[in-house]
Amino acid sequence: MKLLDAPINTCCRIERLDGPETECRRLLDLGLTPGEEMAVVQAVPFGDPLVVEVRGMRLALRRREAAWIRVL
Amino acid sequence: MDQSALINSSALTTTSTETRTAEEQAAPPVTPADRVLTVCLAGVPNAGKTALMNGLTGGGFHTANYPGVTVTISRGKSRAELGAEISFVDLPGVHSTVAPTIEEELSCSVIEGRHDSIHPDALIIVVDATQLERHLKFAAFVARQGKPVVVALTMMDLLAKSGQTINSKKLSEALGVAVVPVDGRTGWGVGELMTALRERLTNPFITAAVLAEIPDEPVEAYRRLRAILDASGAVKKSRPLMLAENSLTARIDKVVLHRYAGLPIFFIILGGLFASIFWLAQPFMDFIEWLFKEAGALTLAVLPEGILARFIAEGIIGGVGAVAVFFPQILILFFLMTLLEDSGYLSRGAALVDRPLSALGLHGRSFVPMLSGFACAIPAVLAARTIPSKRERLLTIWIIPLMSCSARLPVYALLLAALLPGAVGKAGLALACIYLASLLTGSLTAGIIGKLFIRKKSDSMLAMEMPLYRRPLIKPTLKITWSRASAYLKRAGAPIIIISSILWMLSNFGLGAQQPKREDGTSAAFITASDLDHSFAAQLGQSLEPVLRPMAVDWRVGVGLISAFAAREVFVSTMAIVFHVADENNEQAQQAGLLDTMREATFANSSQRVFTPSSIIGLMVFFFFSLQCLSTVSVVRAETNSWKMAGLQLLFYTGLGYLLSVAVVQGLRVIGVA
Ligand SMILES: Nc1nc2c(ncn2[C@@H]2O[C@H](COP(=O)(O)OP(=O)(O)O)[C@@H](O)[C@H]2O)c(=O)[nH]1
Ligand SMILES: [Mg+2]
Numbered sequence: 001m002k003l004l005d006a007p008i009n010t011c012c013r014i015e016r017l018d019g020p021e022t023e024c025r026r027l028l029d030l031g032l033t034p035g036e037e038m039a040v041v042q043a044v045p046f047g048d049p050l051v052v053e054v055r056g057m058r059l060a061l062r063r064r065e066a067a068w069i070r071v072l
Numbered sequence: 001m002d003q004s005a006l007i008n009s010s011a012l013t014t015t016s017t018e019t020r021t022a023e024e025q026a027a028p029p030v031t032p033a034d035r036v037l038t039v040c041l042a043g044v045p046n047a048g049k050t051a052l053m054n055g056l057t058g059g060g061f062h063t064a065n066y067p068g069v070t071v072t073i074s075r076g077k078s079r080a081e082l083g084a085e086i087s088f089v090d091l092p093g094v095h096s097t098v099a100p101t102i103e104e105e106l107s108c109s110v111i112e113g114r115h116d117s118i119h120p121d122a123l124i125i126v127v128d129a130t131q132l133e134r135h136l137k138f139a140a141f142v143a144r145q146g147k148p149v150v151v152a153l154t155m156m157d158l159l160a161k162s163g164q165t166i167n168s169k170k171l172s173e174a175l176g177v178a179v180v181p182v183d184g185r186t187g188w189g190v191g192e193l194m195t196a197l198r199e200r201l202t203n204p205f206i207t208a209a210v211l212a213e214i215p216d217e218p219v220e221a222y223r224r225l226r227a228i229l230d231a232s233g234a235v236k237k238s239r240p241l242m243l244a245e246n247s248l249t250a251r252i253d254k255v256v257l258h259r260y261a262g263l264p265i266f267f268i269i270l271g272g273l274f275a276s277i278f279w280l281a282q283p284f285m286d287f288i289e290w291l292f293k294e295a296g297a298l299t300l301a302v303l304p305e306g307i308l309a310r311f312i313a314e315g316i317i318g319g320v321g322a323v324a325v326f327f328p329q330i331l332i333l334f335f336l337m338t339l340l341e342d343s344g345y346l347s348r349g350a351a352l353v354d355r356p357l358s359a360l361g362l363h364g365r366s367f368v369p370m371l372s373g374f375a376c377a378i379p380a381v382l383a384a385r386t387i388p389s390k391r392e393r394l395l396t397i398w399i400i401p402l403m404s405c406s407a408r409l410p411v412y413a414l415l416l417a418a419l420l421p422g423a424v425g426k427a428g429l430a431l432a433c434i435y436l437a438s439l440l441t442g443s444l445t446a447g448i449i450g451k452l453f454i455r456k457k458s459d460s461m462l463a464m465e466m467p468l469y470r471r472p473l474i475k476p477t478l479k480i481t482w483s484r485a486s487a488y489l490k491r492a493g494a495p496i497i498i499i500s501s502i503l504w505m506l507s508n509f510g511l512g513a514q515q516p517k518r519e520d521g522t523s524a525a526f527i528t529a530s531d532l533d534h535s536f537a538a539q540l541g542q543s544l545e546p547v548l549r550p551m552a553v554d555w556r557v558g559v560g561l562i563s564a565f566a567a568r569e570v571f572v573s574t575m576a577i578v579f580h581v582a583d584e585n586n587e588q589a590q591q592a593g594l595l596d597t598m599r600e601a602t603f604a605n606s607s608q609r610v611f612t613p614s615s616i617i618g619l620m621v622f623f624f625f626s627l628q629c630l631s632t633v634s635v636v637r638a639e640t641n642s643w644k645m646a647g648l649q650l651l652f653y654t655g656l657g658y659l660l661s662v663a664v665v666q667g668l669r670v671i672g673v674a
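These protein sequence lines are chains A and B, in that order.
If you're matching positions, the first sequence starts at 1 in this note's numbering and goes up one per residue.
If you're matching positions, the second sequence starts at 1 in this note's numbering and goes up one per residue.
Isolated chain A (complex conformation):
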C-alpha cells in the first residue's frame, strides 16, 4: 500500500522506498528505513505537504515524496 493511501494517525510499517535514487537515499538517511514505524499525522492547508512522524521526529513531506513510500 502507498503511504498516501494509509489512514491518518495510524501507525504503519515502511516496506520499501520506490523512487529516484538520490532522493530516496536522503529519505533513508533521515531514518525512513524499511521496517520502521511511521504515521501520517495531518495534512497542512492545500493538502500538501503532509506531516509525518518517524523515529520520534516530525517531518514535512511533499506528496511527491510521500508517494515513494510503500507501507504495510
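One thing to keep in mind: the hints can contain errors.
[As the list claims (entries may be wrong)] Partial list, computed: chain A residues near chain B (C-beta under 8 Å): (1) Asp-5; (2) Glu-23; (3) Arg-26; (4) Thr-33; (5) Arg-64.
[Unchecked claim] Estimated spans, in silico, between C-beta atoms of each pair: (6) B:Tyr-260 / A:Pro-7: 39 to 49 Å; (7) A:Pro-7 / B:Gly-176: 17 to 27 Å; (8) B:Leu-651 / A:Ala-67: 56 to 66 Å.
Keep in mind that the hints were calculated from the coordinates and are not lab data.
Glycine included, every Cβ here is placed at the ideal spot set by N, Cα and C.
Since the structure of chain A is provided, determine the placement of chain B with the ligands on it from the hints.
The following block gives chain B with the ligands in isolation, referenced to the frame of chain A:
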C-alpha cells in the same frame, strides 16, 4: 588530574623527562601544546551546535529552533575559565552526505579533511538526545574520518519531559566514545565536556571503535545502531512515535497547521509581530528623542558659540539622534524575530507556504531567508544556501532585496508618522501591511522572473524536519538580540555619522559673494549660507530637480534619496539636517521636532508643501522597491559568483522603485489625493 595542565606541560621541551609521569610517557599527546587547537562542532541541523558554541565561547552566535540557520563557518575562542585556549569552529548542520546542499558540502569538506584552511584537531559531535538514532548515524560518519571525537548530548531537559532517560555512561561504553550531557544555553555540562575533550586529545589510545564501525549505508547503519542501543541498556522508554502521547507539539500543530485556520493564523502571527514593533516602541522613542534634544541644547549652551558648537549640535547630535529615535523599533524587531525563531514555528511557516511558493518557482525553505530578510538582506542571501535546487535558490536571492529590511524601518517609521500624525495604532497596522506586502510582492516577482528568465529543471525535495516546540530562555534570547542589534549599529553607525557631518557642511557652506556674511565671519571663498538654497548641497541637489519633480519632492528630499545609498537610515538623518537648516532663522522651528519641521516644509518660493500624502506614499514606494544597499550587491555577487545578477538587481529594483513611485504619485494626484 587537571587536563589543561597536562596538555601544557607534557609536550614542552622545557619539561624534563624525570618529571613526566608514567602515563604521559605511555601516551604522548597527539598534538603539540604550543599551537592553539582547532575543534569543530559537527552535527545534524538543529542539534544545538550553535547554542553549545555560545556556551563554549561566550559568544552571541545566532541560534534558532529551525534546521538550517548556520550556513557559514564561524570561529570563536574558548572562554578563559575553560583552561588553555582552544579555537572552536561552528559548522553548518548536515542532514545527509548524499547530494549535499552548499552549506552541507562546506561542513563535509571540513569533516573529511578536504577544506583549504580549517583542519580540525578534534571534533565535538553534537547529538540531540531526543533523536538519538538519526543523530548517531551522522556521528558515525564523523567518527569514521579517524579524528579524535567526543559526543555532546543536548536537549536532555526535553528528554526528561517526555519521560525518557539516557544513561550517558552506558551510552559512552557502548559506543566507545566519551558522551557528555550539556545544555549550551545555560552552560550546564560544558566544563565536563572540555575535560573529556582534553582527555581525548592527550590519549591517542581512545578510539571511537564501535561508532566508527557503523557503515554508511543507512538501512544497515540504523539496524546496527538500534542493536547497539538495545544491548547497552542506556536508553529507557524510547519513543518512536508521539502520536498517542498527545504531546504539546502535537497539540500546537493541530491548530497552527489546521486546514482552514492555518494560513490566517500564519498571517496574524507575522502581522502582529510587525504591528507591535510600532506599538511597543513609542514610549522608548519619546525618551530617546528627549535625550538627544537635551544633548543638543546642552552642547550649544556649553561650547562657545560658533561653527563648532552648531556642527556638533546639529550635524552630529541632530543627525544621529534622528535615526537613534528608531533604534527601539529595531531592538523590538530583533527580539521578536529571535523569539519566533526559537519557538519552532518557522518550520511550520515554511511548510504552510511550501505549496504556494513552489507554484511561484520558490521553495518552502525560501520562507526563512525571506523572513530573515526583514532583519537584514545579507544573512538572508546566505541563508538561501539551504535551498536544494539552484533555480529556486537564485530566485530566492533575487527577491530578498524586496524584503523590508531593518534599515528601511526608520525610514518607514518617519514617513508613516508624517503621514498619520498621532495615530500610532494605524501606523502600526500600516507597517504590518508594508511587511506583508513585501512578502507577497517578492513572491509574485519570483513568479514572473522565474517564468520569463530561468528555465525549470526538475522538482526539488522538501523533506523538512519540524522540531519540537521549545520555550525560549530569556537570557540567550536577549544576548542574541543584542548581538544582532550591535551588528546593526556597527553597519549603520559610521555612514550615519560621516554622511551627517558632510551634509551639514555642504548645507551650511556655499560659494558666492552674494551670501550675507555671518557675525562669526568666514573667508571669502567659503561663506556660510544662512540661505540654504545657495549652499553646496543645494547646488548639487538642484541638478536633480528634473528627476525629482515627477515624484513631487524637492531637491532636499533628493539629497536624502542619494545619501540613502550609503545606508538607508541616512535618509532620516539627512532629512533632519537639511530641513533643520532651512528653518534656521525661525526660532520656533528650531525647537520643533523633525516631524513638525517636515510638516511645515514648503517648496522654495511657493507655499506648496513638500510632504503631502501623495509624496509621502510615493517615497515609501521608492524605498519599498529600490536596492539602496551596496553590501547586498556585493554579497549577492559573492554568493552567485558573478556580477551579472548583482548588477541587474541594482538597476532593476532601483529603476522599478523610481518608476512606480512616479506612477503612484501621479496616479494619486489624478484621483484627487494632494
Ligand atoms: N531545550 C533545549 N533547547 C536547546 C538546547 N540546546 C539548544 N537548544 C535550542 O535548540 C535550538 C537549536 O539550537 P542551535 O544551536 O541553533 O542548533 P544548530 O542548528 O545545531 O546550530 C535553539 O532554539 C536552541 O536555543 C538544550 O540543551 N535544551
Ligand atoms: Mg547553528
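These are the hints, each one checked on the structure:
Taking 8 Å as the C-beta contact cut-off toward chain B, the hint placing Asp-5 of chain A at the interface is violated, the least distance being around 18 Å. Using the Cβ-Cβ criterion of 8 Å, the hint placing Glu-23 of chain A at the interface with chain B is satisfied: the shortest such distance is roughly 6 Å. With 8 Å as the threshold, the beta carbon of Arg-26 of chain A comes within range of chain B, its nearest partner Cβ sitting at about 5 Å, so the hint holds. The beta carbon of Thr-33 of chain A is positioned within 8 Å of a beta carbon in chain B (closest approach about 5 Å), and the interface hint is therefore held.
Satisfaction of the interface hint for Arg-64 of chain A is found here, the shortest Cβ-Cβ separation to chain B being roughly 6 Å, below the 8 Å cut-off. A hinted range of 39 to 49 Å is violated for the C-beta pair Tyr-260 of chain B and Pro-7 of chain A, which are about 21 Å apart. Checked against the given bound of 17 to 27 Å, the beta carbons of Pro-7 of chain A and Gly-176 of chain B, roughly 43 Å apart, lie outside it. Between Leu-651 of chain B and Ala-67 of chain A the Cβ separation comes to about 43 Å, which falls outside the hinted range of 56 to 66 Å.
Hint violations for this structure: numbers 1, 6, 7 and 8, all remaining hints satisfied.
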